[in-house]
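Trainee: Model the full structure from these sequences, guided by the hints.
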Amino acid sequence: MLASVSGLLTEPDGGGEVKLWNMETRTEQATLTNQQSGVFAVAFSPSGKILATGNADGAVCLWNVEEQQIAAILSERKQFIHALAFSPDGKTLAAARQDGAVDVWDVRAKRKLFSLTSNQTEVICLAYSPDGKLLAAGSPDGTVNLWDIASRLVVSQIKGITDWDLAVAFSPDSRRLVIGNFDKKVTIWDVASGQELAVLKGHQAAIESVVFSPDGTILASASTDKTVRLWRAATRAEADGGAGVK
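Per the working numbering, the sequence shown starts with residue 1005, numbered consecutively.
Any given hint might turn out to be false.
Unchecked claim - The list that follows gives simulated cross-link-like pairs (lysine-lysine, DSS-like), each with its CA atoms no further than 25 Å apart:
1. Lys1023 with Lys1053
2. Lys1163 with Lys1205
3. Lys1163 with Lys1188
4. Lys1137 with Lys1163
Claimed, not checked - Restraint ranges, calculated between C-beta atoms of paired labels, are given here:
5. Asn1026 with Arg1156: 24 to 34 Å
6. Gly1052 with Asp1135: 18 to 28 Å
7. Ala1238 with Glu1071: 40 to 50 Å
Since the hints were made in silico from the structure, they are not lab data. Quick caveat: nothing in here was measured; it's all calculated off a predicted structure. Using N, Cα and C, we set each Cβ at its ideal position, and we do this for glycine too.
Mentor: Structure below.
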């Protein structure tokens, strides 16, 4: 899963290092060396000052991006961390464990607030809604649970396909949810009704990252086919004419 903010881009490689790339100059800016274990999940805080990394041994490391040092390690169980997501205000961090539970941590206090558990046996992607009210959790069975953070209950479940959900993201108004799948498709859903609004086809391999532009007019999808495709949210047509960006 890719993570980007404030001109920086990073992606875990499963090893003990995380590289930070400057998107403007397209050069490597720093390498963060993690002595704990392999890193498989990353997420920037909204401010860009903190980078969270999820490890194979269950530890979640909070890095000071400017100092390139680990500021804190959050750990409770020896469970592989599949996905991470900061809340829009940056106060909490959600971490998806291998057993399907999602731990929600207080970033400042460095303590676990609560765990979200459901019938999902595994969660591999997470996303907070921009209004901070919902947390989307996608699983290998093709379901996405929408958790109400206040009540800690699943208020809706989206299930439209059977292939793995590899990436989820909300629109800026929190009204739509986009899902990137292993089956090369990008689907858009209405959050309130749970209805599928569109299926976007064009990639030749699995979708590993999806994101809306800040104004919600453009949707970007990145695939293991080594392309990024830009879609117009209103028409669902490709903004780049179908060529994709390599």
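Trainee: For every hint, state whether the structure bears it out.
Mentor: Now the hints, each set against the structure:
For the hint linking Lys1023 to Lys1053, the alpha-carbon distance of about 15 Å falls within 25 Å, and the restraint holds. For the given pair, Lys1163 sits about 18 Å from Lys1205 by alpha-carbon distance, which is consistent with the 25 Å threshold. With a CA separation close to 16 Å, the supplied pair Lys1163 and Lys1188 stays within the 25 Å bound. With a C-alpha separation of about 21 Å, the suggested pair Lys1137 and Lys1163 falls inside the 25 Å cut-off, and the hint holds.
Judged by the Cβ atoms, the range 24 to 34 Å given for Asn1026 and Arg1156 is violated: they are separated by roughly 39 Å. The beta-carbon spacing between Gly1052 and Asp1135, approximately 21 Å, falls within the hinted interval of 18 to 28 Å. Roughly 43 Å separates the CB atoms of Ala1238 and Glu1071, a value that falls within the hinted 40 to 50 Å.
Taken one by one, the earlier hints fail for this structure only at number 5.
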